[in-house]
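Colleague: Given only the sequences and the hints, what does the whole structure look like? Please build it.
Under my numbering, the first residue of the sequence shown carries the number 75, and numbering increases by one thereafter.
Heads up, a few of these hints could be off.
Claimed, not checked - Derived lysine to any residue pairs resembling SDA-like cross-links, with alpha carbons at most 25 Å apart:
id: 1; residue 1: K255; residue 2: D243
id: 2; residue 1: K78; residue 2: M244
id: 3; residue 1: K388; residue 2: A259
id: 4; residue 1: K255; residue 2: S290
id: 5; residue 1: K107; residue 2: E258
id: 6; residue 1: K251; residue 2: I274
id: 7; residue 1: K255; residue 2: F369
id: 8; residue 1: K133; residue 2: K107
id: 9; residue 1: K371; residue 2: T382
What the hints contain is simulated information worked out from the structure, not anything from laboratory work.
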Amino acid sequence: ATEKQVIDTLYSNIVIEPKDEEIYINNPDSVVKKIINVPGVIGTSAQYVTGATIAYEEKSGAWNIRAVDPDDERMVSLVPDMMIEGEYLSKYDRREIIIGKEIAGGHGGSLEHTSLGGVVVGDTVEVAFTNGVRREYRVKGIFDTNFIQSNQLAYITEKEVESVLGIHDMASQILVKTDTKGEEARFINQFVELGVHEDIKPWIVYAGIIATLTRSFNALNALTGAIGFFVAGITIFIVIYVSTVSKRRQIGILRAIGIKESIIIRSYIFQAVFYAVCGCIAGLVIMFAILAPYFIKHPMVFPMGNVTLLIEQKAAIMRSVGLIISAAIAGFLPSWQA
75 ATEKQVIDTL YSNIVIEPKD EEIYINNPDS VVKKIINVPG VIGTSAQYVT
125 GATIAYEEKS GAWNIRAVDP DDERMVSLVP DMMIEGEYLS KYDRREIIIG
175 KEIAGGHGGS LEHTSLGGVV VGDTVEVAFT NGVRREYRVK GIFDTNFIQS
225 NQLAYITEKE VESVLGIHDM ASQILVKTDT KGEEARFINQ FVELGVHEDI
275 KPWIVYAGII ATLTRSFNAL NALTGAIGFF VAGITIFIVI YVSTVSKRRQ
325 IGILRAIGIK ESIIIRSYIF QAVFYAVCGC IAGLVIMFAI LAPYFIKHPM
375 VFPMGNVTLL IEQKAAIMRS VGLIISAAIA GFLPSWQA
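Modeller: Laid out in structure tokens, this is it:
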């Protein structure tokens, strides 16, 4: 869920930035025209990104402002759908701004001490841009993405910032939304082949601590999976071992009347596999029918974003097969030694 928030509220799937030593992308529309018809590209948004100091009454702070075309932004971001007060920008808005709840304050954010202390829709804030220009803006809306990094952003229209910076037909970055996650490298290669020579990077490059957390969770997932296999195998081994020890006399009688040893061994292997299959079915039902829906509706809330339980069908099947194989081995060893 946290990765999804990075994509949906910050960087989309792919970010196109200016070439080295250049500040802006010149004529971003020409770049967009090259890539917009690539199969799988859903939308693009050329943005200006600038630092600014936002002040309200006695409080102020430094935050990043993104200047966007509101119509394009809706194609790459879910921020327009996450307004908790007021409304999103419209294409021709001037002297209006929307801000995240961590900037506004008063909405239970994690950074209330650095916020503006409770700005509401309709209030006027003063924005000091890095080039020295100061302007007053009416707060048109406040948004909450449940993601601390996104909630520290402010948005104005691109036409507004062009009048502030004295530039036109440029962009600090172009966000590209694709229909799948995980295939960014393929899209980047296609963009390069189409003649896009700017710096192109996938969202994961910008994820920072989120990428580190994801790798940590993946490592923990692999570790707990290995421990689970080991514990399940040992448990089944003990169950079959106790069964063979307690039934050693019956096994001897079966051998005496001509029952082949291979048949006896297969019966215990079947018993172990039966236990494993029943356990897998019960576990999958609990995970997919109970735990997964619960965590989707009630995600764990962290300052960096919401965390939900993700169960990949392919991984679940592979682990189930692995458990059944482990059970077969655990059933074979004690029955073979009996």
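Colleague: Indicate, hint by hint, whether the structure satisfies it.
Modeller: Status of each hint after checking the structure:
no., hint, verdict
1, K255 / D243, "30 Å, violated"
2, K78 / M244, "28 Å, violated"
3, K388 / A259, "22 Å, holds"
4, K255 / S290, "20 Å, holds"
5, K107 / E258, "19 Å, holds"
6, K251 / I274, "13 Å, holds"
7, K255 / F369, "21 Å, holds"
8, K133 / K107, "43 Å, violated"
9, K371 / T382, "9 Å, holds"
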